[in-house]
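Asker: Sequence:
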Amino acid sequence: MKHLPKHLRPRWRYLAVELESTPAAAFDREALQGAVWYAAASLLGDSASADADLSVVRFRRADGDDIEGNDRDEGETGETADYHASTAGGAEATAVVRVRRSEVERARAVLACVDAVEGVPVRTRVRGVSGTVRACEEKYLKRPRAGSRDRTVAFAGAERRASTRGRRVDVELADGLVGATELDYRDTDH
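Under the numbering used here, think of the first position of the sequence shown as 1, with each following residue one higher.
Be aware that one or more of the hints could be misleading.
Restraint-style ranges between C-beta atoms, simulated for each label pair [claimed, not checked]:
hint : residue 1 : residue 2 : range
1    : 22        : 135       : 30 to 40 Å
2    : 5         : 37        : 47 to 57 Å
3    : 26        : 51        : 49 to 59 Å
4    : 11        : 178       : 25 to 35 Å
5    : 161       : 6         : 49 to 59 Å
6    : 51        : 3         : 20 to 30 Å
7    : 4         : 175       : 22 to 32 Å
8    : 31        : 138       : 35 to 45 Å
Hints listed in this document are in silico derivations from the structure and should not be mistaken for laboratory results.
Note that CB positions come from ideal geometry on N, CA and C, so glycine has one too.
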């Protein structure tokens with residue numbers, strides 16, 4: 001079968017997305033893809049979400065697991081050795097989402113509507129838009145990582161375990177995690 005001429009091929013844009021969630025959250029590319037499709041169908045409807053054609057083509061967790069999608073850009077080599085997509089500010093995962101060129105603004109709105117993946121609350125942030133996967137990774141996803149650190153803090157009159165990521169602190173309580181600032185606790189680790 002012959003390939004389409006260049007002027008008839010779909011034009012793509014790639015969105016660099018940063019995801020942040022609770023410290024214990026662990027989800028994969030397929031779960032994120034499902035959450036993106038669900039948000040697109042809810043916000044745009046079936047027809048418009050099909051026009052946008054959102055696809056998670058790359059996904060990387062903060063623990064270093066690099067997970068690629070099956071979709072390949074024509075300019076890609078398929079190698080991920082130079083894909084060092086670390087994130088800033090304690091983000092736990094990064095992703096590259098492919099979208100049709102004319103649907104970038106709708107795709108940003110859809111990604112803003114993704115509030116949970118597999119029932120785990122997440123915060124999504126679009127770091128930038130690019131014309132190729134490689135440029136998207138190099139320009140927007142190569143940031144120094146501020147790693148997560150577990151420590152013991154004094155909070156609400158008792159010593160509790162806490163996970164810190166940059167200036168963000170999640171303190172473990174009996175009924176779950178609570179967000180805190182540096183003024184809310186006293187560090188007991190020395």
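Asker: For every hint, state whether the structure bears it out.
Answerer: We went through each hint and held it up to the structure:
1. 22 <-> 135: 30 to 40 Å: 31 Å, holds
2. 5 <-> 37: 47 to 57 Å: Cβ of residue 5 to Cβ of residue 37: about 30 Å, so the range 47 to 57 Å is violated.
3. 26 <-> 51: 49 to 59 Å: 32 Å, violated
4. 11 <-> 178: 25 to 35 Å: 45 Å, violated
5. 161 <-> 6: 49 to 59 Å: Since the Cβ atoms of residue 161 and residue 6 sit about 56 Å apart, the hinted range of 49 to 59 Å holds.
6. 51 <-> 3: 20 to 30 Å: 22 Å, holds
7. 4 <-> 175: 22 to 32 Å: Once the Cβ atoms are compared, 56 Å apart, the range 22 to 32 Å for residue 175 and residue 4 is violated.
8. 31 <-> 138: 35 to 45 Å: 26 Å, violated
Consistency with the previously given hints fails for numbers 2, 3, 4, 7 and 8, ordered from lowest to highest.
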